[in-house]
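Note that the protein sequences, when read in sequence, are chains W and C. Taking the numbering used here, the leading residue of the first sequence gets 1, the next gets one more, and so forth. Taking the numbering used here, the leading residue of the second sequence gets 1, the next gets one more, and so forth.
Mixed in with the good hints there might be a few duds.
Because identical chains cannot be distinguished in the list, a pair is counted as satisfied if it fits within a single copy or across any two copies.
[As the list claims (entries may be wrong)] Straight-line Cα separation of at most 20 Å, SDA-like style, residue types lysine to any residue; simulated pairs: (1) Lys162 / Lys199; (2) Lys451 / Val219; (3) Lys126 / Glu53; (4) Lys76 / Tyr8.
Hints were generated in silico from the structure; no laboratory data involved.
Number of protein chains: 2
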Amino acid sequence: MKKVKKFYLSEKEMPTAWYNILADMPNKPLPPLHPGTKQPIGPEDLAPLFPMELIKQEVATEKFIEIPEGVQNIYKIWRPSPLIRAYGFEKFLDAPVKIFYKNEGVSPAGSHKPNTAVPQAYYNYKEGVKKITTETGAGQWGSALSFATQLFGIDLEVFMVKVSYNQKPYRKSMMNTWGAKVVPSPSHLTEAGRSILEKNPDSPGSLGIAISEAVEMAVKDPEARYALGSVLNHVLLHQTIIGLEAEKQLEIAQAYPDIVIGCFGGGSNFAGISFPFLKNNFSEGKKTRMIAVEPESCPKLTRGQLRYDFGDTVGMTPLLYMYTLGHNFMPPKIHAGGLRYHGAGSIVSQLLGDGLIEAQAVHQSEAFQAGVNFARTEGIIPAPETTHAIAQVVKEAEKAKKEGIEKTILFNFSGHGLVDMAAYDSYFSGKIEDFSVSDDMIKENLKALDKLGL
Amino acid sequence: MKKVKKFYLSEKEMPTAWYNILADMPNKPLPPLHPGTKQPIGPEDLAPLFPMELIKQEVATEKFIEIPEGVQNIYKIWRPSPLIRAYGFEKFLDAPVKIFYKNEGVSPAGSHKPNTAVPQAYYNYKEGVKKITTETGAGQWGSALSFATQLFGIDLEVFMVKVSYNQKPYRKSMMNTWGAKVVPSPSHLTEAGRSILEKNPDSPGSLGIAISEAVEMAVKDPEARYALGSVLNHVLLHQTIIGLEAEKQLEIAQAYPDIVIGCFGGGSNFAGISFPFLKNNFSEGKKTRMIAVEPESCPKLTRGQLRYDFGDTVGMTPLLYMYTLGHNFMPPKIHAGGLRYHGAGSIVSQLLGDGLIEAQAVHQSEAFQAGVNFARTEGIIPAPETTHAIAQVVKEAEKAKKEGIEKTILFNFSGHGLVDMAAYDSYFSGKIEDFSVSDDMIKENLKALDKLGL
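Kindly produce the complete structure, drawing on both the sequences and the hints.
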């Protein structure tokens, strides 16, 4: 029969500062460049987009940054999140591994995204911002930010990729319930949207287009700001609450991870679980392996290049130094919408370039298979994104078994799958396709960057 | 800015026994009768349906019944559940009330249902049962039992009302993910199903028909048993873990409820939150009011009669002494599928008959309105069922404000609404209808019982 063990932290034991890995990195990431001048951007360039406190966090050098009381307070709706020993899954895998997972699915929006949505809403609130714009693909980020802005009385307008807007009505309803306005993108509300619709009235939209629309709307309204759910330094910073809690909880469990695993879209959930343990690699000489897991269909970390590229498709955002497949790369339509992004955050990219973290890619069919086995042995249904991390846990367990070496594995259960059950339905009816990306296609997209002088 | 306070229990502080209200009731409920002989049924009548330990619990007289370690263990996947002070909602209501809610939405299935699904699976497992059958309407119970049986290695076959099977694919996928077989009912697998389909090949099904199919299949297979998600004494017993935890948590919060509120379908979530406080009314002379909240469209407690009736539509189950609208009553299709049941559990019915608890009915539009206001001020989206409890909280707060008397209110947040967002979508697009049930229709259904000599 199944054995269960959760490791607790009381609210009083919740960490009161985020960990800023910029302070410890041997090589700092290259700065973002202005898309026009190609010179490093300064705070004044970002001021129309973000509140000053977030701009400061983007370049902060202190090792720890205090979590404001107003943020800690909202965190307590669901934090500290549980750390669970996966006895059931361990038994199923029958390998010499201890597996722990941090359950971020307990947040009201069902994922780790509120960890940064709440401080982003908070700092905007403190600086008198009345309205925020953002984009969302499948809707995880949009719903998390709706949850957060509502609690601070800030209006939110979400540009949701049109194909998802039509296919994922549940996420849209969540955003409406939390008071946000949701607009299918491309829309007629912005120049960017109108120009796309002129060329193609039936455009299904893309994350790149939605970013352009959200940024444009924020820039044109002096009372509004823009918010991003991954990639940027301040977003990764906020997510470190995950690993900092896990560090304390593992101490209670009298364990320490040999391997830390997170799925990878823009980098925020992976950074959240792994950076606090990387901190100990830096300062205490620990040798924990950190593995970022991306889909084979969007393999920027394993097959992309580390170079400057745009954050969006249209080319409106600053240039970021990052692992990229080229901003025109259009990832196949896998179910893990949150992992369909052409680039990676600068910090994570630099760490990977320096060999301080690892990256692996898995196909979605093996991810779903791992996810279903996890659900059946642990009782919790993972989001399609999260199943990628679980697939890598399976591989590491198999390796440990083969080598006969005991391992302790920690992974981030970044979200539950209850709003994504249609994806499981596809899996059970044999409709899950594995997409491969050809070397030629990647080369071509990267060559296009050469031509732009990037 | 929003203030948040959660009240913790560690796993060690989790109650280790359920509270059996049968021990304390001044008047015991009348026994269930055999549908044929109309004599009280004995354990041997129930043996084809339930494992012996559950049959014993159905008539147990001890005040506390120990929770087996194997059940406590699985409970720890999500229990103890948090008790939260609803500061945000309190501020919104601007009334002299302290509001606490017990968040049962944190379970892997998203509702309170696993509290009984787990012990039911456990006792079946201990008695060597290889397969369980059950029915489900909207899918809350079916998914909770799938979660539980999978962990004990028991096969599960769920008869899901056909109209829901087609309209609620997410719940079906959850059951599949947890390894259950889901059959749209009426089906060709049972005589009951075939007889219905012969008369009406396009029958949309009903909970009554699904119960008949599940019972028939269990009875015909000596290795199989049947499971029910509400109404029965043992189900209510298992749910008391909710109120027992809340009792301890309120002690930490230095508060005690004047009013305890739960929504009402068959009675299990209401019983779970209220019985442990009723215990203190019995033994310590406390005067807490317990309010069961049903939909206006299915008003068995407020407008039904206390008498013997069948648990299902077809008339296969034992006769239960309960508040009923008549087993042929077909509730209008409100979104709170879990509250669409013609009868109430015998214990709750007796308590209501004796004036020891109260009942109120609310319309679904006011329920959704309360639910949306709650989601926007507390950050958590309630299930359509749960919004009925919240609507009553609003009424009690308004009353306290009018009377100028301070009140402490505890309610059961029985489940989250993330798998029911289509209902919110209907609400926002103005498609929510309020159904009234005429006195004549109720009278007619109850007259039919007279004719059957019930």
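Structure-based check of each hint:
| no. | hint | verdict |
| --- | --- | --- |
| 1 | Lys162 / Lys199 | within (16 Å within a copy, 44 Å between copies) |
| 2 | Lys451 / Val219 | neither (29 Å within a copy, 74 Å between copies) |
| 3 | Lys126 / Glu53 | within (9 Å within a copy, 58 Å between copies) |
| 4 | Lys76 / Tyr8 | both (14 Å within a copy, 11 Å between copies) |
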